[in-house]
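Undergrad: Residue numbers (the working numbering), protein chains in the order written: chain A, 1 to 316; chain B, 1 to 92.
These aren't lab readings, by the way, just hints derived from the structure by calculation.
Some clues are possibly wrong.
Claimed, not checked - In silico DSSO-like cross-links for lysine-lysine, where the CA-CA straight-line distance does not exceed 27 Å:
#1 A:LYS28 x A:LYS76
#2 A:LYS74 x A:LYS121
#3 A:LYS27 x B:LYS78
#4 A:LYS313 x A:LYS296
#5 A:LYS28 x A:LYS46
#6 A:LYS27 x B:LYS91
#7 A:LYS192 x A:LYS121
#8 A:LYS192 x A:LYS296
#9 A:LYS28 x B:LYS91
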Amino acid sequence: MPDEDLPNIIAVDDDYAVRMGMEFMFKKWPEYNLILAEDPDDALAKLDEREYMMMFSDINMPVMSGLDLLKIVKEKNPELPIVMLTSETDIQNSITAFRYGAMDYLLKPPTIATVRGAIDKAIEYLEERDSKGSINMDNFKDMVENFSPEEMGLTKSGSKSTEFTKLVTMLQEKLIHPGKIGRIHNLFLLSKSGIVISNLSAKNVEQTDVDIMGGMFTAVKDFMEDAVSASTTSSLNDIQFGNFHVKFASGAFSELAVVYTGILNQEAEDSVTDTLIAFELENMKILENWDGDMSKLENSIQYLENLFADIDKDKS
Amino acid sequence: MDDFDDDEWAEMQEMYINHTSKELKNIKENLDSVAFDSLRTFGHNIKGSGGMYGFDEITTRGAAIESAAIKENLEDIKSHFDALEVFLESKL
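Use the sequences and the hints to build the structure in full.
TA: Laid out in structure tokens, this is it:
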């Protein structure tokens with residue numbers, strides 16, 4: 001019987017060998033109860049029985065997939081950190097998992113280090129959530145629409161206004177996927193006028209927010225082109241908001257904004273630039289006289305998905 | 001840093017080899033009546049779990065079984081099963 005005083009973690013996998021491996025790992029961590037489920041139905045029943053700190057789930061399972069399970073569980077309990085287990089060939093599933101609100105995905109086979117890392121990230125996220133309390137998002141739209149680098153003190157070093165600090169907190173809440181292990185949190189493909197052509201974001205970013213942020217990113221980028229010094233070695237513009245960054249690649253007709261945490265290395269930067277170039281080359285004729293009709297640029301999401309798969313995690 | 005010590009690792013590997021041998025035996029005995037999808041799942045599962053227990057050979061063999069099952073190539077599957085059986089027996 002699990003110790004009722006300890007936090008519960010559920011792991012769902014139809015493969016007995018993976019469940020057995022998880023059991024071995026958790027013998028190392030007696031501070032948690034590991035509850036095993038052999039399929040999504042079993043998991044849903046067990047999730048109803050007690051409170052859980054987090055969930056690990058396989059994606060590829062018969063009858064109901066891990067992605068369907070993720071969707072159901074997120075609807076019932078949006079705050080539960082969920083980590084999906086996937087194989088290298090399932091990168092499309094990993095992207096879908098990210099969109100459905102998974103905290104992250106781990107490539108199979110899970111190792112003691114990657115599983116422990118995911119647990120630590122979930123703890124970090126839960127602690128941060130508990131300490132932060134609720135943020136008033138009511139004036140997010142006004143704040144973003146009135147974004148002014150000068151008034152917010154971005155033009156002077158070390159003198160950011162309280163308005164800017166508030167904006168950063170709100171953007172963080174909207175854009176940063178809590179506990180994510182990979183570095184990419186959002187990708188926005190924008191027209192020069194700030195219209196969002198396409199975006200790859202987790203489920204918690206609403207479409208109205210996406211449109212509002214498209215305009216803001218364009219303002220930020222314009223400001224940076226005017227004000228940022230040439231001291232950087234990067235060919236791309238990069239601005240830090242709190243503990244995350246937005247990096248911009250500029251094309252002839254469009255911009256690509258990458259919202260990330262940690263470090264984006266040169267290889268990843270090159271992929272960002274190459275993606276934008278490839279997108280513009282394929283759609284040159286449409287972009288030259290684009291009238292805002294999104295249906296003409298439906299292929300844009302594929303570029304973002306491929307880029308996400310390419311740069312979210314370092315290749316090892 | 002958490003890690004398994006040699007004894008734990010040996011215990012895990014032994015359990016895994018026993019479990020996989022039993023599964024393989026069962027599936028081989030019923031090969032004529034087993035659907036290709038079940039064979040694919042078996043290949044997919046050992047592809048995912050082999051590396052977890054330090055057996056990259058099982059992962060590679062699992063990928064080959066999965067691929068042969070998708071192509072519904074029973075001869076290839078049988079040949080991979082035989083090779084897997086030899087490998088598992090060498091570890092028992």
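Undergrad: Hints broken by the structure, by number, lowest first?
TA: 1, 3, 4, 7
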